[in-house]
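Assemble chains B, C and D onto chain A, guided by the hints.
4 protein chains.
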Amino acid sequence: MSESNWGRWGPDDERGTLNLLAPEAVRAAVACVREGRTLSLSLPIRGATSSPAPATVPHLRGRPLPQHFMSVDAGDYAAGARPIGAGLRMADDAIVVTPHGTTTHMDALCHMWAGDELYNGHPAGRVRSYGATRCGIDKAGPVVGRGVLFDVPRLRGVRHLAAGDRVPAADLAACGAEIRSGDIAVVRTGWPLTWEDSPEAYWAGQPGLSAGAGRWLADRDVAMVACDNAAIGGLNERQLADEDLGDDLHLILLWRHGIHLAEMLWLEDLAATGRTEFLFVAAPLVIEGGTASPINPLAIL
Amino acid sequence: MSESNWGRWGPDDERGTLNLLAPEAVRAAVACVREGRTLSLSLPIRGATSSPAPATVPHLRGRPLPQHFMSVDAGDYAAGARPIGAGLRMADDAIVVTPHGTTTHMDALCHMWAGDELYNGHPAGRVRSYGATRCGIDKAGPVVGRGVLFDVPRLRGVRHLAAGDRVPAADLAACGAEIRSGDIAVVRTGWPLTWEDSPEAYWAGQPGLSAGAGRWLADRDVAMVACDNAAIGGLNERQLADEDLGDDLHLILLWRHGIHLAEMLWLEDLAATGRTEFLFVAAPLVIEGGTASPINPLAIL
Amino acid sequence: MSESNWGRWGPDDERGTLNLLAPEAVRAAVACVREGRTLSLSLPIRGATSSPAPATVPHLRGRPLPQHFMSVDAGDYAAGARPIGAGLRMADDAIVVTPHGTTTHMDALCHMWAGDELYNGHPAGRVRSYGATRCGIDKAGPVVGRGVLFDVPRLRGVRHLAAGDRVPAADLAACGAEIRSGDIAVVRTGWPLTWEDSPEAYWAGQPGLSAGAGRWLADRDVAMVACDNAAIGGLNERQLADEDLGDDLHLILLWRHGIHLAEMLWLEDLAATGRTEFLFVAAPLVIEGGTASPINPLAIL
Amino acid sequence: MSESNWGRWGPDDERGTLNLLAPEAVRAAVACVREGRTLSLSLPIRGATSSPAPATVPHLRGRPLPQHFMSVDAGDYAAGARPIGAGLRMADDAIVVTPHGTTTHMDALCHMWAGDELYNGHPAGRVRSYGATRCGIDKAGPVVGRGVLFDVPRLRGVRHLAAGDRVPAADLAACGAEIRSGDIAVVRTGWPLTWEDSPEAYWAGQPGLSAGAGRWLADRDVAMVACDNAAIGGLNERQLADEDLGDDLHLILLWRHGIHLAEMLWLEDLAATGRTEFLFVAAPLVIEGGTASPINPLAIL
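Residue numbers (the numbering used here), protein chains in the order written: chain A, 1 to 301; chain B, 302 to 602; chain C, 603 to 903; chain D, 904 to 1204.
Here chain A stands alone, though its shape is the one from the complex (with noise of 0.2 Å):
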C-alpha cells in the first residue's frame, strides 16, 4: 500500500472518481476568482500533416506527433460537391493523438509505476492492451481547485531555466506562495520559450523539480503537480530522467501519494499576470482506461 494521500479506494475497489477534491476546497479554490478572467493554460494542437505546422510546437523529439484530417471541409464545395439539402454546408474532422510528450496533457495514475502495483496496490497487470481497468485517466475525475503558481525563473531573475536546473523545495518555499492541501501547484520553468530557439535547444535536455521538491509539495498534501515542462522532473540530453527509483519524481508524486500530474502547460500567459492564486481546471476527457488525457487548463483570475 502506498503513502497515499488521495487515495479513496483500494486495490480491490473498482469504482467512482479517485481524487475528490473536498466541497469545501472547491468553494475556496472558487473564492480565488477576483477578475473573472479566464486564461487557458495549453500548447495548441497542430495537426495539418502536410505541412511543417506539427513540428512547430514544443515536443520531445521522437514522438508521434498529432495529426488532424479534414473529412469534408469548404474546398469541397468550391471543387463542386452539392451541399446538404436546401444548402447546408458541413466541415468535419478527425484527430490522432498520443498525448505524453506532444502537447498539453494530465497523466493518469497508472501512467508509471514500479514493480507490479500500481498506486495503492491497485495490481498492475489490469493495464492492458485495452486500457487501464484500474487508475485509468476516466477515474481521475475532473479537477477544480486552488492553483498556485510557483514562478521559479522569476524568483531568480531569469528568462527561464537551464536545461541541468532541478528546483529545490527552497526554491518553491521562496516563492512565498501559501499552499494548502487539495491547491494545485502549477510550477513554471520557462522552459517551452527554448523551442523558439530551436527544436534542438528545448531538447537538450529540461529543467525540473528536485525530488526534495516533489517531497516537498507531497508533503502539503497538494491534490495535482502542473507543470509547463515535459516530465515534472527534470531530463537529461537523452531525454530521459535521471534519477534513482526513490527520487524518480513520477513515482514519487503519481505511484506513492497518488497526486496527479500535468505537463507541457503554457504558463507564460499567467505568469504575466502576476497573481499566483486562482480558480484552477483541469477536464481530462473521460478516455476509458487512458494512461492519459490532452486536456486545456483554464486559470481564472
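These aren't lab readings, by the way, just hints derived from the structure by calculation.
Watch out, some of these pointers could steer you wrong.
[Stated by the list, open to error] Short derived list, chain C residues pointing at chain A, Cβ under 8 Å: (1) T651; (2) S652; (3) Q669; (4) D675; (5) A676; (6) G677; (7) A680; (8) D694; (9) A696; (10) H762.
Cβ atoms here follow ideal geometry from the backbone N, Cα and C, with glycine treated the same way.
Chains B, C and D only, in chain A's frame:
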C-alpha cells in the same frame, strides 16, 4: 455580416478569441457555486478496438467510433520487457477521435454554414484540408459561465422526450429559469437513455429544439447551447435534420448568431440534483483549425 | 515444436523469411500463366469517414472500419490555396486500417496460438505492444506460387454456401484439382455475395472449412490457404468459431503447420473465368511486428 | 488532353483499370523468370510509437511517420487476460500510414497536376476530401510486367549518387538494357544508403532523374517508373523539386503520360544480384480515392 451577437472580430480579422465572455459575467457565474460539488457532463470515450466497447456508447449510426491503443502496457512487462533504468515501468497510449456524432463535443463556428461565408462574413474558403484558418475551435476560447438547465422531460413528466419532439420556446420558458445574456443554456431531452433499450431505439431519430426555441435562446443572447442530443435540433429516422435553411438550428445559432454549440452531453446526473443554475465550464482542446473538440464539460454546483 | 511444414527457422532463430517457397516451385507456378491476364482478388478499401462508404464493404460486425483522409486535395486549390512553386498541385492522404475482419488481408503466424508458444515453439511473450518480434508479417515474405481454386459453390451448384456449411475434405477432393506441396489453396464460399442482401445476412454466421478439410490441406503441404470468408473456418451467429482447440482452423493451419492464411478475398471474378490453376501472388506490407497486412492478392491467368 | 500513352479512358469515362497492361506483355514478362527467386523491393514499416523505431527508416523530414498499435497481444494473457473459448489466444493490430515520403509506395495518377485538370483531362475538382473519384489508386490496377533495372551508381562506379545528381538520359541508355513498351523502369540511385550515415545526410537533398531522362522513358512508352529515391526527380536541400512546370518529373510522367510512379524502393538486394531483367509485380491496395498506396513491390528473378 450575420446577426452576430458574439462576433468580436469581423471577416478581415483573424485574431484572438471569438467568444470572450465578459469578466463580470464570469464573476457572476462563479457566484453560482454553492455546494462545491463538480459533475462531469460527459459520455465516456470507449476506444478498445478489439472489443465491443466502442459500440456501447451512444453515437450516430455509421460514424467512425473512437479508437484507443496502448503503445506500452503492463502486459509487456509481464511478458518479459525490461523496465526503464532501475525499474521504472510506464504505460503510453494514443487515441483517434472523430468528435461529431460520436462523443461529447463542442462545435466550432466553422462547422456549418450556407453559401460562401461562415459566421460573421468570414470566407468559407478559409476552411480547407489543413483545417479552418477562420472560426476554428482554437478561436473559440474556454467557456466559463452561468449554466442554466432546461429539463424538458421533467417539465413534461416523462423519462425522456420522443424522437419526433421538437421543443417549442414555450417549454423553455415554462422551465422557469431566468436566462441572461452570456449564459450557457443546457437543454435536456433525456434521449441518451434510449441507448439502454437498444441502438436501434436511439437511431429512430432524435428529439431537439424547434427553430422557435433556437430563436428564443438567440434573442436572450446566450453564449452557448449545450444539449444531450446529437444535433441540438431534432433528427429524423435517417439521422438528418428536416428544417429548411431558415429554421435549421445550427444555422440559426452557430451561423447567424455565433453561439457555440455542444452536443451529446450526459445530463442525467445533473438533472437528478434538481439544480438548475450552476457554474458551467467547457475547455475545448486548442486544435488549430478544428471543426470541433471532444470535451468533458463540467457543472460546478 | 509444432508439426511444422514450412518452418525454416526454429524458436531460437530470429532471422529472415519464414516461408521461403522453393525456387523450383516458383518457376513451376510461373508456368501456369497462359493468357497473361491479371485479376485482383481484393475487396476495396473504402475509408471516407463522413459518408456511409466504409459500411458498404463486407466486414465483421463491430470491427473498426478503415479511415481514409485527404490532407491536401483539389478542393484546397478551388478554395484559394496557392500551388507549389510555379504551379504544381498535389493531393496527399493517410489511411488507418485494422486488417482483421475488415478487408482482404494476410495473417501473420503470430496472429493465433494456444498456451505460451507461437508456431514452431517461438515464445508467445515476444508478441507485445510494440509488435511481434517473432512470426510477424514482416517475416512472412512475399508469396509467389501456384494457386489452385476450390470453387465449392460451383461444385454444389449453388450461388454461395450457407452460413452453417463446414466444407468437408471430400468436397475439396471432389473439386478435382491437383494440389501439390507449396501450392496456395484458394477456397471459394461465395459468402461475400450475401452482403448485397444486407449486412445482417452477412453477419448471420460464415461458412468455412471443416477441421478435416484443414488437415487435408495441411497433409498436402500447401504454403497458404486463402478464402473469401472472414476466418477460414466457419463462424456462428455470434461471429465466433465453434471448434475446440484441436479442430480450430487457425490452430491447425497457422499454429501447428506454419501455413499462412489470407481472408476476405473477392473470388467472384476469378470463379467466373472457370480457371482453377494460375500464378498466385500476395505481397504483404513489411509491417515489422504486424499480426497481419492488408493485401491485394493477384491471380495471373 | 494530355500526351497520354496509357489513358484507356477519357475525361468523361469513370470505369475500370487505367493501365491495362497488354496480355502479351504480361506473358513476355513472366518469361523473364529464370531462377524462381523472389526479392522484396520494400523498406520496412516500423510503427512502434513508444520507441525510436519509426525514425530509423529513411523518410522525408517532417512527414508523419507510420504508427502501429497492437490492440491485443501476448502481454495481455501474461497479465491475466482469459483466452477465447477453450484456450485460443490472438493478437490484433492497426496501422496508420501516410504513404508519400514515408515508405515504399505507388503514386496514383491523381497525386499531382497543374491547372484544373488531372492526367488525361479528368477534372481536378473530382479530388476531394472523401478521395479522388477519378485517377485514384483504386483505378491503377495491379502492375505485372517486365522490370528493367537501371543501376546508375554501378554505371558510374560509385556506392550511391550525390544529392545534386540529376541523371541524364544518356546514363539510362548507357546502362545498356533494352527497354520496351509496357516495361517498368526500375532506377537505382543508392540514396537510401546515406540514411546509415545519418538522417541529416539523407535530408541534404536527393538525386533523381533529369527531365530529359523522364522524357526518354516516356518516349519508350514505359508503364511505370520505380525509384529508390523519394520523388523520382531530384530534391534540393529544402526537400523541394527545382524544375519548372515543363520539366517536373511528376508532371512529365504522371500527368502528361499517365505513367505510374513508385518511390522509396529498396534496391540494394536486387542490385547485388547483377540481374537487370525480371518479372516485376506491384499490387497497390485498392484504396478508393487514394492518392497512393504503400506497396511491397517484387522482383521475381
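Results of checking the hints against the structure:
| no. | hint | in the structure |
| --- | --- | --- |
| 1 | T651 | 5 Å, holds |
| 2 | S652 | 4 Å, holds |
| 3 | Q669 | 7 Å, holds |
| 4 | D675 | 7 Å, holds |
| 5 | A676 | 5 Å, holds |
| 6 | G677 | 2 Å, holds |
| 7 | A680 | 4 Å, holds |
| 8 | D694 | 5 Å, holds |
| 9 | A696 | 6 Å, holds |
| 10 | H762 | 34 Å, violated |
Hint compliance for this structure: hint 10 is the single one not met.
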